Amino acid sequence: MPKHEILSDKEKKEVMAKFDVNESQLPKISISDPVMETMDASPGDIVRITRNSKTAGKAVYYRVVVK
Amino acid sequence: MCMNEQISKTKHLYSPEEAIGVIAAQSLSEPATQMTMRTYHFAGTAGIQVTLGLPRIIEIFDARKELATPTMEVYLTKDYQSAGKAKKVAENIKQVKLRDLVVSDVIDLTNLEIIAKLDSKMMKDLELDIEKVKKAIKLKKVKVEGEGSELRVASTTIDVKNLHKLKYKLMELHIKGIKGVSQVIVNKDRGEWVINTLGSNLKKVLKIEGVDPYRTKCNNMFEMLDVFGVEAARNTIIEQAKYTLDEQGLNVDIRYIMLLADLMTFTGEIKAIGRYGIAGEKKSILARAAFEETKKHLISASIRNDRDELSGIVENIMMNQVIPAGTGSFDLVGHIPKEPMAAAKPETSKPKKSAEKESKKVAKPKAVKAEKKVPAKKAAKAKKTAPKKTKK
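So the sequences go chain by chain: A and B. Under numbering that gives the first Met the number 0, the first residue of the first sequence carries the number 0, and numbering increases by one thereafter. Under numbering that gives the first Met the number 0, the first residue of the second sequence carries the number 0, and numbering increases by one thereafter.
Simulated from the structure, these hints should not be mistaken for lab results. There could be a bad hint or two in this list.
Once the Cα atoms are required to be at most 25 Å apart in a straight line, the calculated PhoX-like pairs of lysine-lysine come out as [said to hold, decoys possible]: (1) B:K133 with B:K160; (2) A:K66 with B:K131; (3) A:K2 with B:K187; (4) B:K142 with B:K166; (5) A:K2 with A:K57; (6) B:K202 with A:K2; (7) A:K53 with B:K241; (8) B:K241 with B:K187; (9) A:K57 with B:K166; (10) A:K66 with B:K281; (11) A:K2 with B:K241; (12) B:K282 with A:K66; (13) B:K202 with A:K66; (14) B:K131 with B:K84; (15) B:K64 with B:K203; (16) A:K53 with B:K270; (17) B:K137 with B:K164; (18) B:K134 with B:K116.
Computed from a predicted structure; not experimentally measured.
All chains, full assembly: derive it from the sequences and hints.
As structure tokens, this is what we get:
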């Protein structure tokens, strides 16, 4: 399973600005997802996922926590 | 957005606004047509028959919850790396029904009893005894007695007629192991003991001692979603699709499968690709009508007085307009200085119009280019549905 981390407010703003998107346009992750249950997440948080990719080595993906 | 995995910084870079979805669709569906012609849809890996080929590909992308052959790959912790210990774990996983333990069974009609003789050697191997078997029989209105290797089951209410039914029920009773796991094979793979199973239940398998929870996996993405989360489910989709295609000797770039898997897990759960999934949830009415069930979508849209924003690709092809993809998704932006306009109002109105005309002229040749890029498949669909619309 790839690494999941919840972003701080500052990082969140940076991510939004970098991709020029709002929360509803990001991929989602359910708050009842087993990984989210182990972390202290609340809806609206953004999770940074660092995947081990076969093509890119490490790939960073973002998901927004939803109900 | 977030596409850095699909377009890693190599020669595989796509231009912005390139219609990568269409390219992915064609790259996957062409090999799929090759698959239909071959008949080997089943193949055994390590003695277990697994669904492969086209049926499996359909299972994956249709996001079926019930698989034809659910399997698990169970890895063991370091302390359990020996043939004997691996076998013990496998025995705890495999389901044992009463049927498997019974050597012979008799129905005693005078006493209304079922007498079953159990295999005592097998019971010893499975670490079972008669008391455990008795405990496992939880049927109502039944008296269970047992001694040594003989099991007597008498019913308090049932008559002779139903005794046979009771016997059948009894034989199917689950005694030990994980329900649904009908086959277990212990293998040594790259110097490590691995248990392959037919039938799956991840939640229960992870609770068994000696099972490594970090690597154990299953080919059912919904189970992976429940136990490990979306990212694990996404990995399962990619792994399984790639494995199935490779198995058939088809070479599909993994980035297309990644794109599809990302799309399927976009909402945090798994969505199918077809009519009941992503294609069925498109915003545009015309795009849905162009895909499948044309009448249904057009009728329900007209009943509800729906509007189509014409923001997608399919609907714009139907309308014979520039599609918002490729070069078609860019507009010309020009800065018209304000001061000269304010100075001479009546005269500037004309130049302004001509400027607009010019910008349109520039935009049009590009649009023609973009339309040519549209694959024949979609264009054909659009043509089919377009005449219907005009009739109505």
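Taking the hints in turn, this is what the structure says about them:
1. B:K133 with B:K160: 24 Å, holds
2. A:K66 with B:K131: Violated, because 44 Å separates the two Cα atoms, which is more than 25 Å.
3. A:K2 with B:K187: At roughly 30 Å apart (the allowed maximum being 25 Å), K187 (chain B) and K2 (chain A) break the hint.
4. B:K142 with B:K166: 13 Å, holds
5. A:K2 with A:K57: 11 Å, holds
6. B:K202 with A:K2: 21 Å, holds
7. A:K53 with B:K241: 12 Å, holds
8. B:K241 with B:K187: 23 Å, holds
9. A:K57 with B:K166: Violated - the C-alpha atoms of K166 (chain B) and K57 (chain A) are around 58 Å apart, more than 25 Å.
10. A:K66 with B:K281: Roughly 22 Å separates the two Cα atoms, so the pair holds.
11. A:K2 with B:K241: 23 Å, holds
12. B:K282 with A:K66: OK: K282 (chain B) and K66 (chain A) at ~22 Å, within 25 Å.
13. B:K202 with A:K66: This hinted pair holds, its Cα atoms lying about 23 Å apart.
14. B:K131 with B:K84: Since the Cα atoms of K131 (chain B) and K84 (chain B) sit roughly 22 Å apart, the hinted pair holds (cutoff 25 Å).
15. B:K64 with B:K203: OK: K64 (chain B) and K203 (chain B) at ~18 Å, within 25 Å.
16. A:K53 with B:K270: 23 Å, holds
17. B:K137 with B:K164: 16 Å, holds
18. B:K134 with B:K116: 17 Å, holds
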